[in-house]
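Each protein sequence line maps, in turn, to chains A, B, C and D.
Mapping of the first sequence onto my numbering: position 298 corresponds to residue 313, and the numbering continues sequentially without gaps.
Mapping of the second sequence onto my numbering: position 311 corresponds to residue 326, and the numbering continues sequentially without gaps.
Mapping of the third sequence onto my numbering: position 189 corresponds to residue 204, and the numbering continues sequentially without gaps.
Mapping of the fourth sequence onto my numbering: position 397 corresponds to residue 412, and the numbering continues sequentially without gaps.
Just to be clear, a hint being listed does not mean it is correct.
Heads up, the list lumps identical chains together, so a pair's fine if it works in one copy or across two of them.
[Claimed, not checked] Cut-off 27 Å, straight-line C-alpha distance, at most; resulting in silico cross-link-like pairs (DSSO-like, lysine-lysine): (1) Lys-329 with Lys-350; (2) Lys-381 with Lys-359; (3) Lys-350 with Lys-399; (4) Lys-346 with Lys-359; (5) Lys-346 with Lys-329; (6) Lys-252 with Lys-329; (7) Lys-420 with Lys-346; (8) Lys-186 with Lys-252; (9) Lys-381 with Lys-399; (10) Lys-329 with Lys-381.
Worth flagging that the hints you see were computed from the coordinates, not collected in a lab.
The model shown is predicted, which means the values in this text are computed figures rather than measured ones.
Number of protein chains: 4
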Amino acid sequence: MGLFGIIGTERENLASAVYYGLYALQHRGQESAGIVVNDDGIFRQHKNTGLVGDVFDRNAMEHLAEGEIAIGHCRYGTLGTKGVANAEPIVVNHIKGRLALATDGRLVNATQLRHELELSGMIFHTSSDAEIISYVITKERLSAPSIEEAVNRAMNTLRGGYCLLLMSPRKMIAVRDENGLHPLCYGRRENGEYVVATESCALDTVGASFIREILPGEIVVFGVDGSVNSITDHCGKKPNALCIFEYFYTARPDSVISDRSVQAARAAAGALLARAYPVEADVVVGVPDSGLDAALGYAEESGIPYGIGLIKNKYIGRTFIAPGQSVREDKVKIKLNPVSAAVKGKRVVLVDDSIVRGTTCARIVKLLRSAGATEIHLRSSAPKFLYPCYYGTDIDSRENHIACKHTVEEIARIVGADTLGFLPLEDVRRIACGSSCSGFCTACFDGEYPTEAPVKCVNKFDNKISESEG
Amino acid sequence: MGLFGIIGTERENLASAVYYGLYALQHRGQESAGIVVNDDGIFRQHKNTGLVGDVFDRNAMEHLAEGEIAIGHCRYGTLGTKGVANAEPIVVNHIKGRLALATDGRLVNATQLRHELELSGMIFHTSSDAEIISYVITKERLSAPSIEEAVNRAMNTLRGGYCLLLMSPRKMIAVRDENGLHPLCYGRRENGEYVVATESCALDTVGASFIREILPGEIVVFGVDGSVNSITDHCGKKPNALCIFEYFYTARPDSVISDRSVQAARAAAGALLARAYPVEADVVVGVPDSGLDAALGYAEESGIPYGIGLIKNKYIGRTFIAPGQSVREDKVKIKLNPVSAAVKGKRVVLVDDSIVRGTTCARIVKLLRSAGATEIHLRSSAPKFLYPCYYGTDIDSRENHIACKHTVEEIARIVGADTLGFLPLEDVRRIACGSSCSGFCTACFDGEYPTEAPVKCVNKFDNKISESEG
Amino acid sequence: MGLFGIIGTERENLASAVYYGLYALQHRGQESAGIVVNDDGIFRQHKNTGLVGDVFDRNAMEHLAEGEIAIGHCRYGTLGTKGVANAEPIVVNHIKGRLALATDGRLVNATQLRHELELSGMIFHTSSDAEIISYVITKERLSAPSIEEAVNRAMNTLRGGYCLLLMSPRKMIAVRDENGLHPLCYGRRENGEYVVATESCALDTVGASFIREILPGEIVVFGVDGSVNSITDHCGKKPNALCIFEYFYTARPDSVISDRSVQAARAAAGALLARAYPVEADVVVGVPDSGLDAALGYAEESGIPYGIGLIKNKYIGRTFIAPGQSVREDKVKIKLNPVSAAVKGKRVVLVDDSIVRGTTCARIVKLLRSAGATEIHLRSSAPKFLYPCYYGTDIDSRENHIACKHTVEEIARIVGADTLGFLPLEDVRRIACGSSCSGFCTACFDGEYPTEAPVKCVNKFDNKISESEG
Amino acid sequence: MGLFGIIGTERENLASAVYYGLYALQHRGQESAGIVVNDDGIFRQHKNTGLVGDVFDRNAMEHLAEGEIAIGHCRYGTLGTKGVANAEPIVVNHIKGRLALATDGRLVNATQLRHELELSGMIFHTSSDAEIISYVITKERLSAPSIEEAVNRAMNTLRGGYCLLLMSPRKMIAVRDENGLHPLCYGRRENGEYVVATESCALDTVGASFIREILPGEIVVFGVDGSVNSITDHCGKKPNALCIFEYFYTARPDSVISDRSVQAARAAAGALLARAYPVEADVVVGVPDSGLDAALGYAEESGIPYGIGLIKNKYIGRTFIAPGQSVREDKVKIKLNPVSAAVKGKRVVLVDDSIVRGTTCARIVKLLRSAGATEIHLRSSAPKFLYPCYYGTDIDSRENHIACKHTVEEIARIVGADTLGFLPLEDVRRIACGSSCSGFCTACFDGEYPTEAPVKCVNKFDNKISESEG
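Extracted from the complex, chain A is given alone in its bound form (with noise of 0.2 Å):
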């Protein structure tokens, strides 16, 4: 999900710029968007369910046109969280004042908070963390001599991977958990409005220069007086855990996360995964789009020659109805189109960014062969994905994984691969190699959970409101 805020002294246009900040995140997210105004007090909002391009028309915007506070939220979907009830930012009224409230992230002890928030009468409207989290605020807001306190103290009950992005009459306030699972960094424009983003493409699509991450654990509170204070009572208290699959797959190429590049994360994957799995062959062929990085790595890293070799056709959307046949499989078909000149008679390395239900792959493949490929050597610049993410990354739907259920060499026969390779397990830090950060997660492709595992017990009440969308 992607998280967006601005705050300055010239009350106009903020909404926009969040508007800008979140189509630069909608590949973080593309179920809902919501934009929350603080015009002096005055909260406005508007959250829908869809792309941020069709959620905001002119009125929307005219209607968040002014204020001097602006935070906004897209989020993808997941089961049971869908709908425009569960848009974020939410906005919420207690005894001391107003909150909106965005996240990133997911809370493990989730189950835990709501039900003691319940006992002591709570009420919730949503299933989604980004409830429990603003009643964990409040309750705390009771006694805390200021909201960025009772974000503090929050975080004492807090577990799980999050950022928060809060806003109040007066300020805007941006958290990390104290693992640092998600990414999350602020910029300055020129005319000294601070902006918050989950990932730094988004400051530079709205001209902010980027100024640095906000640390693990830190609470960093923007003041409308052009403040900006940091409180680090959590920093340093756990070991860092950056997602490691924000390289991967997560961020944009073009942003940089920890003083790494993205897109340099994803060459080295590439390169690593040429000396890992070389091969002799004519050409390398990235899947579009977020397979080329690691396509270019390895060929650069093999020495054997780029190539273009597939064509993405840009105009299909979330229009195409795909009449008369089965819809997954000419999705396929029409999104993606081999370039016959560039793998005729070739052997071909293909690069994806990683293999999960291998469908896709195998038609990939197939495509490839009928337009003349002699041979197909895939690489998946990820290592096999074997356990679930409990942070919030979209591993959820990747349950029925072939890598869980099939070796290796029996993918490749199943995808109708010549030879097959996913990134090594140990070369899967070196990718970060030169980041800034000292510590990564890595659960999904190991096991290794940097806290402790979601409660099992099933809430009595998880994924029993369900909303018609659209």
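Starting from the known structure of chain A, fit chains B, C and D onto it as the hints suggest.
Coordinates of chains B, C and D only, in the frame set by chain A:
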């Protein structure tokens, strides 16, 4: 606002009955609509701003297709309570279970209740009474042995004019405040399904036979086992005070409230008006649609022929854009056209349901004169509005009442009528003659409120959350 | 179908006048709508399927904002002529210039004309009469000295019931066939703009004063210089034959056709019906909206009180989806609800504008009985439909007329009425009593057609082009 | 514009194949789209403005579900030919039958032909060449023994660069002008269906095997009986003149035109550019998407590493609203973001497909400098555009070419590049090296037109009909 609920043993198509029911109640609120279905404890919901026909498409109805209980709501928008976030029914989760709630009316102690709840740490997502009421009920639920007992206890603290329709995983519960300010009734379909609706016309629409009204102060509990139980602890504690304006304007003429036909009440108002303000004239014309019944009553009583002197364009809808001129002016002109044949050279008694700002009246008088009417004797079937409504009837927007600032003679001059008469205050209760209801709220006309007035201290958060529509 | 045109010296907002005019004529056709504006020889157009309010949004109106002439059209859809391709006005270019054309009615020699034109090499894009007529006119234009003379000559070959509204770069031309089958009139706004409209109610809507009707066979030419010229070469050649069904059903009650109020005609039909089929009863109820005037006429003539016994749900629109049951059945039930108070225990005279299939009637009779009516005496204010209309009135879809297959007694039994009466054939012309028109087409009732019948040989291409709607 | 047609014995799902085919050709025109299906002589059509995915929904596809021939078209909008009225295929009816026609390209003698046709009384509904061509063909059809012979004769009078795809009740006919200015090819699916498409990539998408290109001047007639016949009367009469710009820009890289891969042609352009304008640099960056292949060619030839230095936001679509700033400026910024890691501290060779106004280029150069590029050497893989295209390639909008007004040095300064090189004119034909085509049209670069120029006298009606979009 309109409430509609159904509970039955056949699990299919309950939502479709609610859909039809809300269509029949659409006149009570056009701002948003929602349906929640209880599918064996799973609460499926679909809500949005717009008319019933716009909010629910086939996809939404399929999403809601199964379940043993379904409740729905249509609301009109008032300042600060618009937007999808305020759409009802609301669904909340608490330690003892799950609850869906739809409301009609308004609390007079909302501010205090909210403040108390906030003091105890409760958090609010909306500015609606529904959320406050759901919190009061769930708070009582912590110690109450059943949801209906929690409602029973909650009624000790709720003040105002309200009807509630609740749904728990196994029950549908209908509640009316102790004064019985707003109507609520229930009936039964041949297949044994029980149906609750704000007005009886909605029972007709789904083929349910009217059984009786919920009593003032009564809680009626419908079980999925077919049981119907009544809790009457709050009955008889306060004098009946049914909103008389339901007869004048709010309800549909084909509804029957407290055994009194709404149409008959309007015709009686017309007849009383004829007696109070007789005039020599050639034709009695009603302003469509809500002035027609009173016009017919006036005609019958006076012996002056009834005529259809104004034609309403039935195609004017939400999409009307009024290019090139002021919207208000054009909309009257396009919406209504005089029938020259009916009024030319005639002395016209023009009967409208009420006169608020006077601007629409003035335009209609002008239209009729241009069509050849020689005299226009304006009659308002309702008395002058002089006091605000605290119970949710949309007279809030009637603050700029022409009657508050001008004498009857002045108003006649302003709107261009030859004579003008409002239904006399002493006749107000007579229109409900034959009603089984023993008392009425006529506060908007005479200022005699059946409850305490709302606390005037402005809640600091009121109207501070604003949501873009659409 | 509805025609509306305006020509003036002020160049702005002519399209908005057409927009309002089409709204007023919407009852004559809901399938598609279009406006063409003449902006100094540039013809800007916007057409689409749908209601006027749906077809024209702000963008479209801005596109049409400037010009000195504007004409518009709304059409109802008949088999084979649906879709945006058949929307009018059509715009054609020929060697002598450019022409926009909108039509009402139908040719009886369309097949022959089309065949002859095709023989001469002409090519058709649509299946509409409008295209044929435009081709005939432009063909004459090759040798005619002016567009109006081309129209004048074209009328020698056009047979049937038609009204035309043409626009050339400098003129607006209104034409009515020699029998004057359909109405067409014009008026003038205070600023000197001339307005042509199918019905006078549309003149009212835009504030134009009625001047007179276009005569049967007349061509009226309006120039951008403010000139108005009449060509009467075709006048008086054939007997007048105004479609009597305009009075019964097609026109709006607030329109005046040939100096006869439509409402008065309907009331007269009701009165004649009362004389022809008197009955002892307690209340006269009209089926909204088109049966109300006749019901009032019946009531006045018979002395039986008029009552509002059926309430129409005004929110039923295009979006109604009828989940869970048969569409037709539900739509009647949701659309109409009986008022028990008006009919309970009463003998009801139920007046409808006509009886076609009988299915809707049967449902209404059932609704009234369930509401407590003890007797139902059904009266149709129009006689039995026994013959097809060749002139464009939508009685094509009335082929399965119940009256063609059953006696009056049988029909009464089928629809469940105690007695049934159709307006006697000999009374048909009497409803137009006072009309300045000297003759009427009553062919649908008596089979006496004012023109030759259409050639029956099926054109091989008829109805062979089909366009998807929406 | 894109043409796609299919003819077969299985009657189902032909329209769905066209739908997929148009998706693959969407890059050739985004203004409107249409499909016409021949269902045993009944022509069903659906056309509208918008992208393929927006124009066709499930209802439309169901409407088109059956038939033995289907043809489709996507067009880009040029001044005066926008709007649904100009959408193709067009369907016309004439004395000998019915015809659907879709076109690519443009006539140079449209004005004369139209004038002649108008002189003979023909009437035009649109401003498109398609209408003129359909009239010429149907006129010939009066005396020709078959539709294909009518087409054959019509080609004697048609001048310009055009491809035609016709459908009669029993045949699909593909036509290419005598110079073969635009590509057109056909293939075959395993089930025997023949497929015609502008580009080979569309054959791939529907699983058809490429058979061969339609020859310049050839008419290929596909019968519903499975027959394929070629008429070559017009072949070999004029020199081949395939639009070279198809290789540079218009076609998709995965298409093969005249046996030459488009991607390979672009890579060759890049390589030739590297030889013509070498430079010392650290990385070669292409402007996505159309500059990538040339950039890779430049990199390979020069030995400078290829890098992915610009990331394109794939979510920017039609709904982007650009609140608060100038649209053009923001769209570049949001659409493209530089990858600092790829360009920081580096000397960058920036390869774009062409340089037209120079404004987008200037913004990209600025973006790369702000990302840390030390030098920027801009290379255009196409030569300078100096002459208008008469054959339908969208260089009309390229009138304000920066290259027409400035020297290369001036342009470099204006866009902010350190050096600038356009592909030399003498290299233009070399990019098609290996093509089976014997000649090319390079008129936009060198002014050498293969046909006469269009008559300059402005048709008095040109661009005078304007239709509102959407």
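Hints versus structure:
1. Within a single copy, Lys-329 and Lys-350 get their C-alpha atoms as close as 8 Å, and across copies as close as 13 Å, so both meet the 27 Å cut-off.
2. Taking CA atoms no more than 27 Å apart as the test, Lys-381 paired with Lys-359 passes inside one copy only; the shortest distance there is 13 Å, against 39 Å between copies.
3. Taking the closest pair of Cα atoms, Lys-350 and Lys-399 come within 27 Å of each other only inside a single copy of the chain (25 Å); across copies the shortest separation is 33 Å, beyond that limit.
4. Proximity of Lys-346 and Lys-359 under a CA criterion of 27 Å is satisfied intra-copy only: 23 Å inside one chain copy versus 37 Å between copies.
5. In this assembly of identical chains, the alpha carbons of Lys-346 and Lys-329 lie at most 27 Å apart whether taken from the same copy (12 Å) or from different copies (17 Å).
6. In this homomeric assembly, Lys-252 and Lys-329 never come within 27 Å of each other (Cα to Cα): the closest approach is 46 Å inside a single copy and 39 Å across copies.
7. When the C-alpha separation of Lys-420 and Lys-346 is checked against a cutoff of 27 Å, the pair qualifies only within one copy, where the shortest distance is 26 Å, while the shortest distance between copies is 46 Å.
8. Taking CA atoms no more than 27 Å apart as the test, Lys-186 paired with Lys-252 passes inside one copy only; the shortest distance there is 26 Å, against 49 Å between copies.
9. Taking the closest pair of Cα atoms, Lys-381 and Lys-399 come within 27 Å of each other only inside a single copy of the chain (22 Å); across copies the shortest separation is 41 Å, beyond that limit.
10. Taking the shortest alpha-carbon separations for Lys-329 and Lys-381, both the intra-copy value of 21 Å and the inter-copy value of 26 Å come in at or below 27 Å.
Checked against the numbered hints listed earlier, the structure breaks hint 6 alone; every other hint is satisfied.
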